[in-house]
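Peer 1: Guided by the hints, dock chain B onto chain A, whose structure is given.
Listed below are the residues making up each chain.
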Amino acid sequence: MKESDRDAFQKNFANLSLELRRGTLVLSVLSQLRKPQYGYSLVEELGTKGIQAEPGTLYPLLRRLEAQQLLESMWETSGSKPRKYYVLTDTGRQMLALLSQEWQTITRHMIGLLKEE
Amino acid sequence: MDGIHDHLVERYVYAVTRRLPTAQREDVSMELHSLIDEMAQDRPEDPQSVASVLMEMGDPAELADRYRGVQRHLIGSGYFDFYLLVLKIVGFAVSLGIVISLAIGFAFNPPESLGSIIGNMVGTLFAAYAQAFAWVTAVFAIMEWNQRRLGKSERLEQWSLEDLPDIPQKSTIIPRSEPIVSLVFLVVVFAILNASAWLLKVTQIENYTQFINPFVPEVFERVRILFNLTIAIAMGIEFAKLYSGVQTKRLALLTIGLKLVSLCISLYIVAGSGIWNPDFTLQMARIFGEGNGANPFFHKFWNNLPTFLVVVMVFGYVVETIQTVWRTWNLKIPEK
Chain A
1 MKESDRDAFQ KNFANLSLEL RRGTLVLSVL SQLRKPQYGY SLVEELGTKG
51 IQAEPGTLYP LLRRLEAQQL LESMWETSGS KPRKYYVLTD TGRQMLALLS
101 QEWQTITRHM IGLLKEE
Chain B
1001 MDGIHDHLVE RYVYAVTRRL PTAQREDVSM ELHSLIDEMA QDRPEDPQSV
1051 ASVLMEMGDP AELADRYRGV QRHLIGSGYF DFYLLVLKIV GFAVSLGIVI
1101 SLAIGFAFNP PESLGSIIGN MVGTLFAAYA QAFAWVTAVF AIMEWNQRRL
1151 GKSERLEQWS LEDLPDIPQK STIIPRSEPI VSLVFLVVVF AILNASAWLL
1201 KVTQIENYTQ FINPFVPEVF ERVRILFNLT IAIAMGIEFA KLYSGVQTKR
1251 LALLTIGLKL VSLCISLYIV AGSGIWNPDF TLQMARIFGE GNGANPFFHK
1301 FWNNLPTFLV VVMVFGYVVE TIQTVWRTWN LKIPEK
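Residue numbers (this note's numbering), protein chains in the order written: chain A, 1 to 117; chain B, 1001 to 1336.
Hints are computed from structural coordinates only; laboratory data are not their basis.
Please note: incorrect hints may appear among the correct ones.
Stated by the list, open to error - Derived CB-CB ranges, DEER-like:
hint: 1; chain 1: B; residue 1: Ile1173; chain 2: A; residue 2: Ala67; range: 17 to 25 Å
hint: 2; chain 1: B; residue 1: Ala1127; chain 2: A; residue 2: Gln68; range: 43 to 51 Å
hint: 3; chain 1: B; residue 1: Gln1024; chain 2: A; residue 2: Ser80; range: 21 to 29 Å
hint: 4; chain 1: A; residue 1: Thr77; chain 2: B; residue 2: Ser1077; range: 42 to 50 Å
hint: 5; chain 1: B; residue 1: Asp1081; chain 2: A; residue 2: Thr77; range: 46 to 54 Å
Claimed, not checked - Cross-link-like lysine to aspartate or glutamate pairs, in silico, DMTMM-like; alpha carbons within 20 Å at most:
hint: 6; chain 1: B; residue 1: Lys1300; chain 2: B; residue 2: Asp1279
hint: 7; chain 1: A; residue 1: Lys81; chain 2: B; residue 2: Glu1038
hint: 8; chain 1: A; residue 1: Lys81; chain 2: B; residue 2: Asp1037
hint: 9; chain 1: A; residue 1: Lys81; chain 2: B; residue 2: Asp1006
hint: 10; chain 1: A; residue 1: Lys81; chain 2: B; residue 2: Asp1042
hint: 11; chain 1: A; residue 1: Lys81; chain 2: B; residue 2: Asp1027
hint: 12; chain 1: A; residue 1: Lys35; chain 2: A; residue 2: Glu66
hint: 13; chain 1: A; residue 1: Lys49; chain 2: B; residue 2: Asp1006
hint: 14; chain 1: A; residue 1: Lys81; chain 2: B; residue 2: Asp1279
hint: 15; chain 1: A; residue 1: Lys49; chain 2: B; residue 2: Asp1042
hint: 16; chain 1: A; residue 1: Lys11; chain 2: B; residue 2: Glu1056
Using N, Cα and C, we set each Cβ at its ideal position, and we do this for glycine too.
Just chain A, same shape as in the assembly:
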């Protein structure tokens, strides 16, 4: 492969893998919000567990999930700086359970598919 082709290939890989991971972000986020967390602590926690999440993607996502009533939020202003905490609602908990089942099914099937190689 030529240098330029290799670059294009790498770039394409980066895009495709980003696309692959993007779909898993909602589930990742919901799974970590059984206990209240604020945005940045969530970024860090996901990071230490191997899931890279950009704050610029995560913060808007939290808001969307809140609008869908899967999360609820609360400003904590007693500390040195104000932080907005998010936590699962009951609906969010139900959604997390369903999505986890879905995820199990998908991974089972995917493993089957990839073994065929």
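Peer 2: Coordinates of chain B only, in the frame set by chain A:
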């Protein structure tokens, strides 16, 4: 954190929040401040920590887009190509129309100098382009908005197989050149009709103080808006054809209906508005020196012209309607 960095953060947050709905601004602003603060504090070894955090956060416009969750645009990719095409056609048509109408104007009312011709033309063209651009854009913005609204409601309804569009048969494809040629023709007609100096004051022959004109000027002025309305309708039909690209049943019904409206207006103009100058033949005879009376043949022709035009227009409409219906509904005649 020092003042310069604080200021930088303020500016970044402002750049994001100004693109958001007012109700969200304060909340997002607090959230971003707290986030940037914390991210920067996590890198105590970096003196430029704030700057690097902001760079990492990326373009504020994109971040705002993610917060809003919807793309903001006047004209989306669905319509954009068609929008450009229409702009080109309209631009060309406007240029042509203005050149024609100014040329007619200059022919009957010669300007003093070449400079004034050029000045007049540039000024008129510029104003017309601005108008045309604004109108086209406004129409497309409304179409886009409508589409977005419909798109939302449609998703709630059950989609069914009947919703699938037919694959166009070759015979139903409308070549782009067809509506474009028609549009240009319509613009020319429009320009001529509205450069009305010549229609109103035509042929002032020497020694005759009287203006002769096939039309009654006051009536002509009054019905000109109706003329323009029929042209606008015809243009609407051509744009619909251009957009659709195929002869569909909906398009056929639209065409037949709108043309009927146009026909009624035209019939009124020709037969009901009293636009024809009843003394035209007499005045012509006077100019061309045929004694005191009008040429009897010409006189007869002139008196029957409205009836003749009515017959032609109705006949034309009927033929066209039959043709449209034939083309649209009898598509499945097996080919030899």
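Peer 1: Would you say the C-beta atoms of B:Ala1127 and A:Gln68 sit inside 43 to 51 Å of each other?
Peer 2: 50 Å Cβ-Cβ, so the 43 to 51 Å window holds.
Peer 1: Holds or violated: the 17 to 25 Å window for the beta-carbon distance between B:Ile1173 and A:Ala67?
Peer 2: violated, 45 Å
Peer 1: Can you confirm whether the C-alpha distance between A:Lys49 and B:Asp1042 stays at or below 20 Å?
Peer 2: Roughly 18 Å separates the two Cα atoms, so the pair holds.
Peer 1: Within 20 Å, alpha carbon to alpha carbon, are A:Lys81 and B:Asp1042?
Peer 2: holds, 15 Å
Peer 1: Would you mind confirming whether the straight-line C-alpha gap from A:Lys81 to B:Glu1038 stays at or under 20 Å?
Peer 2: Holds - the C-alpha atoms of B:Glu1038 and A:Lys81 are around 9 Å apart, at most 20 Å.
Peer 1: Given the hinted pair A:Lys81 and B:Asp1279, is their alpha-carbon gap at most 20 Å?
Peer 2: Roughly 91 Å separates the two Cα atoms, so the pair is violated.
Peer 1: Hinted pair, alpha-carbon criterion (20 Å max): B:Lys1300, B:Asp1279. Please report holds or violated.
Peer 2: Judged against 20 Å, a Cα distance of about 12 Å means the pair holds.
Peer 1: For the pair supplied as a hint, A:Lys81 and B:Asp1037, confirm whether the alpha-carbon distance does not exceed 20 Å.
Peer 2: Holds: A:Lys81 and B:Asp1037 sit about 9 Å apart, inside 20 Å.
Peer 1: Is 21 to 29 Å right for how far apart the beta carbons of B:Gln1024 and A:Ser80 are?
Peer 2: holds, 25 Å
Peer 1: Taking the beta carbons of B:Asp1081 and A:Thr77, is their distance inside 46 to 54 Å?
Peer 2: At 51 Å between Cβs, range holds.
Peer 1: Hey, A:Lys35 versus A:Glu66, does the alpha-carbon distance stay inside 20 Å?
Peer 2: holds, 15 Å
Peer 1: Between A:Lys11 and B:Glu1056, is the straight-line Cα distance small enough, at 20 Å or below?
Peer 2: holds, 19 Å
Hint compliance for this structure: hints 1, 13 and 14 are broken, all remaining hints hold.
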